[in-house]
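Quick mapping for you: the protein sequence lines, in order, are chains A and B. Residues 1 to 359 (this note's numbering) are what the first sequence spells out, left to right. Residues 1 to 687 (this note's numbering) are what the second sequence spells out, left to right.
If you're looking for bench data, these hints aren't it; they were derived computationally from the structure. Warning: the hint list may mix true and false statements.
Unchecked claim - Simulated pairs of lysine-lysine, DSS-like, Cα-Cα distance not exceeding 30 Å: (1) B:K173 / A:K119; (2) B:K461 / A:K119; (3) B:K400 / B:K461; (4) B:K461 / B:K473; (5) A:K222 / A:K94; (6) B:K7 / B:K69; (7) B:K400 / B:K473; (8) A:K157 / B:K173; (9) B:K516 / B:K400.
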Amino acid sequence: MTGRAFILLLIAASALYAARNVGVGWLYALGYSLAAGVLASAAFGAWTVWGIRMTVAPGRTTEADQPLPVAVTLENRGSRPRRYLSLLAGPLGKRARLWPWRRGLVPAGWGAILIPELKPGDRLTVQLPVPAPRRGLHSLPPIYLQAAPLGLVACFKASPRRGDDPVMVHPRTHALGSLAWLERGRGTAEQDAASRPEDGGELTKSVRPYRSGDAMRQIHWKTTARTGQLSVRESEGDAPGQDLVIVLDPASEAHAEAFELSLEVTASLLKEAHARGLEARLLSGGPQRPGPASQTLRAQLDWLAMLDASASHALPQLPIDGKRVVVITSRPEAWAGRAEACIRVMPGQTIAEILAELP
Amino acid sequence: MRPLFDKRDPLLHLRLATAIAGAIAILALYSVSGVTEEPHAGVLIAMVIGLIGQYVSHRLRGKSLWVIKTLLAIGMIVLLWRHMSNLISNLQDTRYPLAELLLYLAVINSFDLPRRHNLRIAMMVSVILLVVTATLSRDMSFGAYLLAFLAAGLWWGHQDMLSELGATPEQAKVSAPAVRSLLPVGAFILIGGLALLLIVPRDEGGGLKQLPFSTMIALPAHIDPQVRNPAYPAGGSGGRDGGAQVNPEAYYGFSEELDLNYRGRLSESVALKVRSPRRQFWRGMAYDTFDGRNWSMSRPQEVEQLQSNPFTLPSRASDHGGRPEITTFYVEKPQTNLILMPDHPVQLYFPTGVIMADAYDAYRSPILLEEGMYYTVVSRRPVSATGLPDRELPPPERLKRTGLDVAPYLSLPPSFSQRTRELTHAITAGATGPRDRLRRIEAYLETTYPYDLGIPAFPGKADQLDHFLFEAKRGYCEHFATALALMAREVGIPTRLVTGYLPGDFNPFTGFYEVKTAHAHAWVEAYLWGRGWVALDPTPGFTGPGEFPEGLNLPLADWAKALGELGAPLLMGVGAIALGGGVWLLVRMRGRPRRVSEASVAYLRLQAIATRLGKIPTEGLTPRELLARISEEEALQAIAPEAERLITAYEAVRFGGEPDDGAVSRALAELEARLRRERPGFPHSRE
Numbered sequence: 001m002t003g004r005a006f007i008l009l010l011i012a013a014s015a016l017y018a019a020r021n022v023g024v025g026w027l028y029a030l031g032y033s034l035a036a037g038v039l040a041s042a043a044f045g046a047w048t049v050w051g052i053r054m055t056v057a058p059g060r061t062t063e064a065d066q067p068l069p070v071a072v073t074l075e076n077r078g079s080r081p082r083r084y085l086s087l088l089a090g091p092l093g094k095r096a097r098l099w100p101w102r103r104g105l106v107p108a109g110w111g112a113i114l115i116p117e118l119k120p121g122d123r124l125t126v127q128l129p130v131p132a133p134r135r136g137l138h139s140l141p142p143i144y145l146q147a148a149p150l151g152l153v154a155c156f157k158a159s160p161r162r163g164d165d166p167v168m169v170h171p172r173t174h175a176l177g178s179l180a181w182l183e184r185g186r187g188t189a190e191q192d193a194a195s196r197p198e199d200g201g202e203l204t205k206s207v208r209p210y211r212s213g214d215a216m217r218q219i220h221w222k223t224t225a226r227t228g229q230l231s232v233r234e235s236e237g238d239a240p241g242q243d244l245v246i247v248l249d250p251a252s253e254a255h256a257e258a259f260e261l262s263l264e265v266t267a268s269l270l271k272e273a274h275a276r277g278l279e280a281r282l283l284s285g286g287p288q289r290p291g292p293a294s295q296t297l298r299a300q301l302d303w304l305a306m307l308d309a310s311a312s313h314a315l316p317q318l319p320i321d322g323k324r325v326v327v328i329t330s331r332p333e334a335w336a337g338r339a340e341a342c343i344r345v346m347p348g349q350t351i352a353e354i355l356a357e358l359p
Numbered sequence: 001m002r003p004l005f006d007k008r009d010p011l012l013h014l015r016l017a018t019a020i021a022g023a024i025a026i027l028a029l030y031s032v033s034g035v036t037e038e039p040h041a042g043v044l045i046a047m048v049i050g051l052i053g054q055y056v057s058h059r060l061r062g063k064s065l066w067v068i069k070t071l072l073a074i075g076m077i078v079l080l081w082r083h084m085s086n087l088i089s090n091l092q093d094t095r096y097p098l099a100e101l102l103l104y105l106a107v108i109n110s111f112d113l114p115r116r117h118n119l120r121i122a123m124m125v126s127v128i129l130l131v132v133t134a135t136l137s138r139d140m141s142f143g144a145y146l147l148a149f150l151a152a153g154l155w156w157g158h159q160d161m162l163s164e165l166g167a168t169p170e171q172a173k174v175s176a177p178a179v180r181s182l183l184p185v186g187a188f189i190l191i192g193g194l195a196l197l198l199i200v201p202r203d204e205g206g207g208l209k210q211l212p213f214s215t216m217i218a219l220p221a222h223i224d225p226q227v228r229n230p231a232y233p234a235g236g237s238g239g240r241d242g243g244a245q246v247n248p249e250a251y252y253g254f255s256e257e258l259d260l261n262y263r264g265r266l267s268e269s270v271a272l273k274v275r276s277p278r279r280q281f282w283r284g285m286a287y288d289t290f291d292g293r294n295w296s297m298s299r300p301q302e303v304e305q306l307q308s309n310p311f312t313l314p315s316r317a318s319d320h321g322g323r324p325e326i327t328t329f330y331v332e333k334p335q336t337n338l339i340l341m342p343d344h345p346v347q348l349y350f351p352t353g354v355i356m357a358d359a360y361d362a363y364r365s366p367i368l369l370e371e372g373m374y375y376t377v378v379s380r381r382p383v384s385a386t387g388l389p390d391r392e393l394p395p396p397e398r399l400k401r402t403g404l405d406v407a408p409y410l411s412l413p414p415s416f417s418q419r420t421r422e423l424t425h426a427i428t429a430g431a432t433g434p435r436d437r438l439r440r441i442e443a444y445l446e447t448t449y450p451y452d453l454g455i456p457a458f459p460g461k462a463d464q465l466d467h468f469l470f471e472a473k474r475g476y477c478e479h480f481a482t483a484l485a486l487m488a489r490e491v492g493i494p495t496r497l498v499t500g501y502l503p504g505d506f507n508p509f510t511g512f513y514e515v516k517t518a519h520a521h522a523w524v525e526a527y528l529w530g531r532g533w534v535a536l537d538p539t540p541g542f543t544g545p546g547e548f549p550e551g552l553n554l555p556l557a558d559w560a561k562a563l564g565e566l567g568a569p570l571l572m573g574v575g576a577i578a579l580g581g582g583v584w585l586l587v588r589m590r591g592r593p594r595r596v597s598e599a600s601v602a603y604l605r606l607q608a609i610a611t612r613l614g615k616i617p618t619e620g621l622t623p624r625e626l627l628a629r630i631s632e633e634e635a636l637q638a639i640a641p642e643a644e645r646l647i648t649a650y651e652a653v654r655f656g657g658e659p660d661d662g663a664v665s666r667a668l669a670e671l672e673a674r675l676r677r678e679r680p681g682f683p684h685s686r687e
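Chain A with its partners taken away, still in its complex shape (with noise of 0.2 Å):
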């Protein structure tokens, strides 16, 4: 029941007090239709609900901010049209619940879609944009269908349940226009093609013992084997400009709004910087946290979309010379001459800042 109900059964009580009093009929008949109207909303709205079926997809991945599009296929069931209903959502991570008394019919920060009508019979499928203010993994709320004749009374049924129905919200990602710095290397790669063996094979420059990060196609087999250690090779072929390093400085969490300011901006560089060919390795954390396991974009979204926020303050270690490195900090001071850019990323500043800021 709605706001709208309360006061109009509260008028309708106070007309029929007054006519009590008084003895006017059309106030008895006023206030008697008022509350026919709330009770006519409650019927005629749990009517309509019944008999609708409703399926919900399995929810996938957004960005935060980005509304989730999840397909809701309805079915009547019955033998009348259906008219006016609406699906809604809470946002996902809150524990959103619908009450049957509330203030209106779509609550803050919920999605809603409005369905004209659905004829006897008729399947229909639509998109419901369920809010993603908060990254993380979460599950898919119960979706509402609902019904609600006059806007007095909402009578509504959710979606059944099929376990957690998990849904991944990765940090949002901001389009970061022309970075000249990160294109500069790229051309070196042809010269480097030219350098190459004719054979196709690559010049090892060196060995070292595996860090986190590196590409399992760089596993040097003998060494390893000879050693009993995984280890590494540095190639020819790895010229300055071809791998990127993003380290994400674990100093930007102290500040819970900068720490989640640094994610989108990690966030964006991944994004544009695998959009480009680039080979983008996330480094972050202490030793606790090295990184993602596996160095394609969406695990390393889901990473930062699992990131919480540390009291860790200590440096990454820089794990590869030579590899381009660029640096989300907001104490680009520490990192001085140890990386080819830092982004600067303080409490207080916006996304739009920031990104003005890079290079």
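Using the hints, position chain B against chain A.
Positioned in the frame of chain A, the structure of chain B alone reads:
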């Protein structure tokens, strides 16, 4: 030219619904505003200004309106001041100031409705205004406004729901599915509301704190204490010989004399509307002396002036006990100066500073009761006398010591016949007491003589009672009341003849007893020891004063009559809705594209073929232009002859007014058949 409404406003339809509902509520107030101090035109002007305000809110939404808001704030302050002034000068009836406050509040608020919640507040104000208007309404016309408002409210609720769910303007338009979805809801509300009205018993109220009466009226320079009935300037005496003809618009029984030889029917026009917790007689005046033809008062000049409004009325012995009841009388057409009263009045709220009380427990106004006047009486419900002993009256001397001189109420005319006397004693032989004697006389009269309003005038010289009992043997209320009064006096019971009105027809919608002129009536009051003056009605076919069922029962007859009266406004409401729906349908039908004919389907098919085969755009080409393109394009030249036949036939049907005899479809069929022969992969026309 700039369109009237900005279709980009997502709340456009909700605004229209709010404006319509508000206008209906104000029109309802206008229909009852005749009894207010405000001129009718003011309400209509307010409605127009309100509609203008709604339009201003629509056009200026989203803009900074600090100038308008400042003016509105000033307006609110002025409105509050005006309301307080009105309230103080109308303390006896605050409904009108409240209605005026709500009206101007709705008008002022209409200029500042930028968002949905503002429109919701405006709608609630309209609902409350309608509630207040309902308290002012006194007839069935309010029913039409109520029905119209419910219809508008249905549409408003629908639009409110759609706007909250983010419906597009296309989805919010008036459409057949929307109407189809609302019709059953509306029917449910109508039937459900009516059913609740029918089934739920009504309380008799009594919690009223405000006792309304109309605005105080200035007193005339000279107050005439006599009973004044402008319709009977001769004072109710129609003439000595033969009968006198009644004035249908007024009752002759409200005069200094009551002539039993008046003949004729009284008007069915409504004289009064009475709001009362129960059915009872409305008492006007009483007579104590009968001369064989006329009733009169032996003490007409014995009138006491009462001052100090509200007036505390002289209490009678029977007034003690019983819970208080409040009755309000609304004068619908000019009356005498008699103040009609319910049973056992104790207090009167009347719009003059002075009233007069006569010697017969009747009250008179210093001015004639004009149409539009209303006043309220506080009375006490009579306590049940069941169980009280039926005792004879004490001797007159003892009664005199109590202040009651019963001599005039026991007097008989010289013409009181012997046979009447014998009849009386025969009827009352064996009675156990005065109450029993009265009951026997009453029963005898009710069962022996039929009621007949059409009897001829009695002979002028005859004793009216004797002629009624033994010659005519039929009559109407005055004859029966006279018979009971005089026969009771014969057996020692003081009586007086009372004139007034029957309860009237109860209208369950308005809550009023509608008292018509034809409801004028005469009955008897008999003085019984320990009970005082007790009302009795010996007229057959009429429910006696003490015989009405308790409470506000709603017999089906009242419902049937009221629903019949509701029929007119209901028909008006349904007619208005049907008219509006018809206009809407007409507008829609004019805008709706005509059903595509077969010829047009064939032409469109040709267009599609030309587009597919020639790979040329054909949108927007006239038929002749299409034919020219087909002739020019190498890939289409082969179909040019059939295309020309098709287009020629199409132009004749589409633009030449010729009937479609299938020539266009045949041309298409020939073309498609040839194309299928020449191009095996050519699709069928259904694809």
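Cross-check of the supplied hints:
no.	hint	result
1	B:K173 / A:K119	holds (19 Å)
2	B:K461 / A:K119	violated (87 Å)
3	B:K400 / B:K461	violated (36 Å)
4	B:K461 / B:K473	holds (17 Å)
5	A:K222 / A:K94	violated (52 Å)
6	B:K7 / B:K69	holds (25 Å)
7	B:K400 / B:K473	violated (38 Å)
8	A:K157 / B:K173	holds (28 Å)
9	B:K516 / B:K400	violated (39 Å)
Hint compliance for this structure: hints 2, 3, 5, 7 and 9 are not met, and every other hint is.
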